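First to last, the sequence lines map onto chains A, B, C, D, E and F. Each residue of the first sequence is one higher than the one before, starting from 1 at the first, in UniProt numbering. Each residue of the second sequence is one higher than the one before, starting from 1 at the first, in UniProt numbering. Each residue of the third sequence is one higher than the one before, starting from 1 at the first, in UniProt numbering. Each residue of the fourth sequence is one higher than the one before, starting from 1 at the first, in UniProt numbering. Each residue of the fifth sequence is one higher than the one before, starting from 1 at the first, in UniProt numbering. Each residue of the sixth sequence is one higher than the one before, starting from 1 at the first, in UniProt numbering.
It is worth saying that the hints were derived from the structure and are not from the lab. As the structure is a prediction and not an experimental result, all values here were calculated from the model. Among the hints, a few may not be true.
Each pair may be met inside one copy or between any two copies, as identical chains are not told apart.
As the list claims (entries may be wrong) - Lysine-lysine pairs mimicking DSBU-like chemistry, simulated, CA-CA at most 35 Å apart:
#1 Lys107 / Lys22
#2 Lys135 / Lys6
#3 Lys288 / Lys6
#4 Lys80 / Lys107
#5 Lys22 / Lys288
#6 Lys6 / Lys106
#7 Lys170 / Lys7
#8 Lys57 / Lys166
#9 Lys148 / Lys18
#10 Lys106 / Lys139
#11 Lys135 / Lys7
#12 Lys148 / Lys6
#13 Lys107 / Lys7
#14 Lys80 / Lys18
#15 Lys22 / Lys170
#16 Lys135 / Lys80
#17 Lys135 / Lys57
#18 Lys107 / Lys57
#19 Lys166 / Lys135
6 protein chains.
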Amino acid sequence: MLSDHKKGETYSIYLLIKAAEKRTTSKGSPYIRLTLTDRSGEIQANLWDASDQDVEKYIAGRVAYLTVLQDEYQSKAQLKIQEIRLANDSEPGDPSLYEISSPISKKDLQSQVSDLLFQITNPTWNRIVRNVLNKYADKYYDYPAAEKLHHAYRGGLAFHSLSIAKLAIKVAELYPQINLSLLLSGALLHDIGKTVELSGPVGTEYTNEGQLLGHIVIGDEILVESAEELGFDLHSEDMLLLRHLIISHHNKLEFGSPIPPRELEAYVLSKLDDLDAHIQMITAALNKTERGHFSEKIFGADNQPYYRSNADLPQNHD
Amino acid sequence: MLSDHKKGETYSIYLLIKAAEKRTTSKGSPYIRLTLTDRSGEIQANLWDASDQDVEKYIAGRVAYLTVLQDEYQSKAQLKIQEIRLANDSEPGDPSLYEISSPISKKDLQSQVSDLLFQITNPTWNRIVRNVLNKYADKYYDYPAAEKLHHAYRGGLAFHSLSIAKLAIKVAELYPQINLSLLLSGALLHDIGKTVELSGPVGTEYTNEGQLLGHIVIGDEILVESAEELGFDLHSEDMLLLRHLIISHHNKLEFGSPIPPRELEAYVLSKLDDLDAHIQMITAALNKTERGHFSEKIFGADNQPYYRSNADLPQNHD
Amino acid sequence: MLSDHKKGETYSIYLLIKAAEKRTTSKGSPYIRLTLTDRSGEIQANLWDASDQDVEKYIAGRVAYLTVLQDEYQSKAQLKIQEIRLANDSEPGDPSLYEISSPISKKDLQSQVSDLLFQITNPTWNRIVRNVLNKYADKYYDYPAAEKLHHAYRGGLAFHSLSIAKLAIKVAELYPQINLSLLLSGALLHDIGKTVELSGPVGTEYTNEGQLLGHIVIGDEILVESAEELGFDLHSEDMLLLRHLIISHHNKLEFGSPIPPRELEAYVLSKLDDLDAHIQMITAALNKTERGHFSEKIFGADNQPYYRSNADLPQNHD
Amino acid sequence: MLSDHKKGETYSIYLLIKAAEKRTTSKGSPYIRLTLTDRSGEIQANLWDASDQDVEKYIAGRVAYLTVLQDEYQSKAQLKIQEIRLANDSEPGDPSLYEISSPISKKDLQSQVSDLLFQITNPTWNRIVRNVLNKYADKYYDYPAAEKLHHAYRGGLAFHSLSIAKLAIKVAELYPQINLSLLLSGALLHDIGKTVELSGPVGTEYTNEGQLLGHIVIGDEILVESAEELGFDLHSEDMLLLRHLIISHHNKLEFGSPIPPRELEAYVLSKLDDLDAHIQMITAALNKTERGHFSEKIFGADNQPYYRSNADLPQNHD
Amino acid sequence: MLSDHKKGETYSIYLLIKAAEKRTTSKGSPYIRLTLTDRSGEIQANLWDASDQDVEKYIAGRVAYLTVLQDEYQSKAQLKIQEIRLANDSEPGDPSLYEISSPISKKDLQSQVSDLLFQITNPTWNRIVRNVLNKYADKYYDYPAAEKLHHAYRGGLAFHSLSIAKLAIKVAELYPQINLSLLLSGALLHDIGKTVELSGPVGTEYTNEGQLLGHIVIGDEILVESAEELGFDLHSEDMLLLRHLIISHHNKLEFGSPIPPRELEAYVLSKLDDLDAHIQMITAALNKTERGHFSEKIFGADNQPYYRSNADLPQNHD
Amino acid sequence: MLSDHKKGETYSIYLLIKAAEKRTTSKGSPYIRLTLTDRSGEIQANLWDASDQDVEKYIAGRVAYLTVLQDEYQSKAQLKIQEIRLANDSEPGDPSLYEISSPISKKDLQSQVSDLLFQITNPTWNRIVRNVLNKYADKYYDYPAAEKLHHAYRGGLAFHSLSIAKLAIKVAELYPQINLSLLLSGALLHDIGKTVELSGPVGTEYTNEGQLLGHIVIGDEILVESAEELGFDLHSEDMLLLRHLIISHHNKLEFGSPIPPRELEAYVLSKLDDLDAHIQMITAALNKTERGHFSEKIFGADNQPYYRSNADLPQNHD
């Protein structure tokens, strides 16, 4: 695994080509900029003096076997390729073996979400959530939660939504004034617009719809259409509240919510969304950091470096 | 007319009671706080030692005949009531004679808007605009454009939209790269959500829908539903562009647009909206200011006072 | 109870005088501005034409029996006093019967905190927390968590700290990478400096120390002194981490943390602190709001009004 | 023309050398960084292994004939030079054939400005504008409107001023309360200080005066001196108003206006200035963008990318 | 003296009427709002049931003899008038006996400024400063430095300028790289525009010129005109530097400088201006504060309250 | 000296290696990035094709003799190494000959600080300052005042503290209301926490303590411990005031002070700290700038370029 190696080491490894871009050096000789990945991380490498055959051979989606020297360029790790060939038939060549993806399998994501639906006891919200998740199931369990920053991997959207839903249940245990049906519905659907805003789980980019409307407006559109289909009154309190949770979940206008939270569950949803995203980003950065040192500055966490302590964690619970 | 009188004057006048609220002095005696209006403006007055009959008689919607001393309280004009009675049958008692409203009559607003529609040559936008304006006609020509600040009078919504449309035509004459069909469609529909966000032309308040969704999201919902009705593809470029104009017309995220303008006509619409609103606010403040002096600070115009010059305007055009 | 009455009602009631200030009307006659309270809320009333005896009699800490008309002044409820006398010996005159205080009794607060200490398995943190809570026990279970805004009542400091600790346990169940010992220690001690920053549970004001140092610096001072007493190395990782949680718990420099969170548990603590405070403020505002309406703007919650829905809460859990 | 070619193409072309800077590679070999231009745009190229003769030959102001491969470096287009020689006498070697400049010829700019002066009916403003434009004519019709960002080409200053003046006439047709004489005077003179702030039409830089005083203060100085010459009272209302328009045209203090607009025409001028500059920047960016795609982020337009639609423009007017 | 009395005291005192405004109570009876002053401070009082004779008698500029009860209204001191009459001929009736003014007499201000001029050894700056101070002498030694906030008294402008000049000399003793001639010139002239921006030493208001141009632009105009008179080249380095010091002395664009400091002495001037203004504001607030307590929040000092310590000052120097 | 040479010159020079980092080119060949310094400045150079011996030989702390061509890379000066060898025994090889350090010798810093202590006449503050300076003497006279930006050299901490103390004495001469004992104590101790926040005078980095606590909290800890040692009451006014000066010396919360200045001397200290740091930064930038030109943008001075005038300084004082 990539994460087992350090700067200065020479080693051989199977890696998935995630992206391959043909480039030319300033002096005019062609090379390929490869983005290589396995489940432990992602790294760049340049294949110098690339022939036309190389360009055809080393393309996104293929698995290659490389001998490399691990180096650093502008304080990011980089590989110097010493040898490279494609994996042959007897070698582990299935791309899904190398892709970073949700820590929970697609099947488990689906069954855990299904189980949660029973806790949405309000019939309007229950039917809306089921209707939307059915229509968007393919993308919901496949898309990342963001282009980069956090949960940027296959299944990240469902995994992140589910994590917030679990937090919602925990928090509602302490604050009985919270309407759990509403909060769970919001947790599961808040980012549904990302299935249209983003292009897909691989090579994720913003779509034209995404750039012109944004996932908040698209999410509201999905609720409006679902209500139409189910014959619900768009201006009933139930619909107003659920739509409000979706559109206010970025908490502040300057973060893209056209209306700030003005309802208890909307406030709580916006904060649990933020909390889960930050814990994920900080944990990811700490996993790449030596004990007793600070991580790189984490762009999404106020651009602060985070400290990884020397202490082994006690067993929190048995 | 109210605007003909000054602080210190005693005079008699017919005024419409716009609001009447029963209150008690700190010492416990009852009085009525009256908001009185004619077409030239609005003013407060207290009817002291009000009897139960007074409370029944002087209510919103009635026209009264008053003898008053014009005074000032906390630097706002106020009337001291010396005599008051309701207008009798032979006197001008029709409330519409006293209401501030659009400088253009409803009929003219309607015909001018109708004429403009012919300049929307793109069939998708033309049909959407016609469909929406038909469905919301009652409110569109009746509602104010805002709760206070600017165009806060009956018909203000249509009048403001029409003004922007006229500006759009002028500006497109100078910049042929502007798609006038799109810009006109945006100009006419950008505030359509206010027909749901606000409660109506009189005693205007935010509705629950307004506070939980805002007129930008409601406006987008109206477009989504209209496209459904007309069988248009929501993700066609035509629909994306028109929806983008609506949702980005506040220009910046911190002003409530979930997405900033990312299209030429969207940028221009947001700026013409701003320009018309400011000219209206500044003009309204200057109309209450003596020549050679500064107006009150105008809240909506960066809280600046504006200077009214001594110069008579030359005839701009013949 | 105060909360049982509405504007316009006349009724008799026992209330605690929380504050009594002698004033003079603009015309020179003396009156007393009374702040009156019972467990359901707080209200203002003026006692007009107050004699010298009245001034001596109606002072903070006494319980009075009043006949009043409930009115409104500048959109705040206010009482017009029709009759007033002090409660006599046979009447309920114990101030503690009228004071707003923590929803959990002092005894329960203490025993719940004691139980939590066993989950702090790191011996350094365990001993520091015990040492500090012992030394500051009197104030810790008695002080409010703030001068106003949230948990501004007797016992509020311990109640708020305990709520965050309970949230910490819930959240750590979902994220095993969290060091619960550290997070619990921070939850219990983060506001310990308020025992010096604030003057006490009643008539709470900032002390000179509070205004010149602030509770964050005072909290750090308390940890420094406790470490001295216990012979712990101030620059050991354990001490650095716990001190970091205290000083970074306002999350951003502009909110008064001299250093932002740079450690996972510090980040989580700052967010749970915020979450509990907001839920408390929003809930308090909604409790005073009619169903289907919006609350007053909540200063501490981005100055937004919050909507109270019509829906009865389902039973969240059995 | 440069704009007819794409990445990956090899082609021959005449280009003007706008700048030529001698550099050394990290390994010590000399090369020339060329900035090349024709009327359709501007591009960078490096001439590797440059001899001393090359350095003397390929200098700013010369026209060269090149055979090039169009490539990209850090997502900007760049040329790889395959062959280069100077244009010979029989080839198109006049630099003015290659320079980007105002879409309107200098002569037309002058005659259109002259025509506009008749619409400035106030004699003070008319004489001031004529006096200033006479004195600064050479630079006014030659300078760019900015160092980069917008109208950064020969004649840009006059072209931008004229565009605003045309907008002013259009807007005043809709709002008769606007003093067109004043607004036109401000439109024509608002950036007059740039004739001193900037160094000239080619290789435009800020002068020392420009950096120490800025074009707003310099513009006011020019008005003060013109008023002296013409014997006008600096503190007459006419002079105050015109000076106010110049100094407030950046609209906000943080954009460099020492006083914000406090006069109707000053507000309108600041907004039309902004509108014209943005339309020019957005249009320039879209001209380099494929239909159905987004442009690069436009620094001067809130750093947003702009969408170029697929639609052909209808004929706006005949 | 006013400052010798406290809330609750009844006493007799001579005071100057600084302002007298006729008003009407909400019930319609006339009264006069008096602003009364002596050298120790300023206070408000209402003269109830004022007759027409009272209105003629008690006007700004007259000295009155009053018997009063000192009270408080909205936490500001206020006098309740028990008796009032004008001072008679044998009593101290000269207004200048009661006016707050510069701690240094006008004559001393003038001679200290004169002495400083010899330290401006650069002939250009020396002549400019002399020329400007001669022309504006009447106002320079008479005007306040601000409408309110700091040095808001007769002679405040010269006193504040002189204080900065004295600071400049001290600071230049420690940093020999500072050009003292330039810094002193800037110190003496930086606020010269206030002689036009403000209306005068009494009842100070902003003039129309002040509101439309601001003292920074007016100050630059004064330098431009002085250079014309003296035949100096406006674009010589000497003039550029001095003008830069004037226009940049508010330090940041958002505080009204069209250009920020870009020259060492300009930076230092902006900071010494700020330092002197703050020390004056803080000292003024502390003088009204009891030892061991905090002052009111000081608007101009980041709205913070300041602590007045119990300690007697040691003798700083002999 | 480095500062005697210009771009384009070839010369030989002794320089201290301040840092040496092994790197690899994009093509894989090893080189050493050297940071070289003498008392006049610091510069980068790459030693290409470095052998393993080179890597062992050219390390931080050694003095080398180089023949170099001075060049520029990304508008920063850089050396191209033509020859390099270590200084031999007969050559000037003592690193202290090459290090940039305080303009005042360590001995003089110590004696000047000692002299100042006599002006701290308050016994509490005098003893605290002596106690702390004794304990931290080694680091106080050796550490820089910052990692970069200003006074980033050996002895910078004491030199900067002393400069502020000298400013304090000058300013207190003009404002007798200033408590000089307090202000001097604050000046000398305000940055004492940097002795723990930073790693030392060479290769200065933030320590873990520094990143988790910051020098403001560490400085307060040092005062708390010193008070303990000396038996002073931490909550006496004397201690509160001195602690307040330390914690508020960054002036605003967003700059890292948990409490803003709320005491006259605290305000003055924060401003003198700022003034000295800026004068040092601006002077350092101007020393590298030609007369009549602007410096690079100075990051710590609002990112502005500063102008170096042509004028020779007059003798400020004799």
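Status of the hints after comparison with the structure:
In this homomeric assembly, Lys107 and Lys22 never come within 35 Å of each other (Cα to Cα): the closest approach is 38 Å inside a single copy and 49 Å across copies. Taking CA atoms no more than 35 Å apart as the test, Lys135 paired with Lys6 passes in neither setting, with 45 Å inside one copy and 42 Å between copies. In this assembly of identical chains, the alpha carbons of Lys288 and Lys6 lie at most 35 Å apart only when taken from the same copy (11 Å versus 41 Å across copies). In the homo-oligomer, the alpha carbons of Lys80 and Lys107 never lie at most 35 Å apart, since the shortest distance is 38 Å inside one protomer and 52 Å across protomers.
Within a single copy, Lys22 and Lys288 get their C-alpha atoms as close as 29 Å, and across copies as close as 23 Å, so both meet the 35 Å cut-off. For the identical chains of this complex, Lys6 and Lys106 are intra-copy neighbours only, at 32 Å inside a copy versus 43 Å across copies, given an alpha-carbon limit of 35 Å. Taking the closest pair of Cα atoms, Lys170 and Lys7 never come within 35 Å of each other, the shortest separation being 42 Å inside a single copy and 39 Å across copies. In the homo-oligomer, the alpha carbons of Lys57 and Lys166 never lie at most 35 Å apart, since the shortest distance is 45 Å inside one protomer and 56 Å across protomers.
Within a single copy, Lys148 and Lys18 get their C-alpha atoms as close as 15 Å, which meets the 35 Å cut-off; across copies the closest is 38 Å, which misses it. Taking the shortest alpha-carbon separations for Lys106 and Lys139, only the intra-copy value of 11 Å comes in at or below 35 Å, while the best inter-copy value is 49 Å. In this assembly of identical chains, Lys135 and Lys7 lie within 35 Å of each other by CA distance neither inside one copy nor across copies; the values are 47 Å within and 41 Å between. Within a single copy, Lys148 and Lys6 get their C-alpha atoms as close as 24 Å, and across copies as close as 30 Å, so both meet the 35 Å cut-off.
Taking identical chains as interchangeable, the C-alpha atoms of Lys107 and Lys7 are never at most 35 Å apart, the minima being 37 Å within one chain and 45 Å between chains. Taking the closest pair of Cα atoms, Lys80 and Lys18 come within 35 Å of each other both inside a single copy (17 Å) and across two copies (29 Å). In this assembly of identical chains, Lys22 and Lys170 lie within 35 Å of each other by CA distance neither inside one copy nor across copies; the values are 50 Å within and 48 Å between. In this homomeric assembly, Lys135 and Lys80 never come within 35 Å of each other (Cα to Cα): the closest approach is 46 Å inside a single copy and 51 Å across copies.
In the homo-oligomer, the alpha carbons of Lys135 and Lys57 never lie at most 35 Å apart, since the shortest distance is 38 Å inside one protomer and 59 Å across protomers. In this homomeric assembly, Lys107 and Lys57 come within 35 Å of each other (Cα to Cα) only inside a single copy, at 34 Å, whereas the closest approach across copies is 60 Å. When the C-alpha separation of Lys166 and Lys135 is checked against a cutoff of 35 Å, the pair qualifies only within one copy, where the shortest distance is 23 Å, while the shortest distance between copies is 38 Å.
Violated hints for the displayed structure, listed by number in ascending order: 1, 2, 4, 7, 8, 11, 13, 15, 16 and 17.
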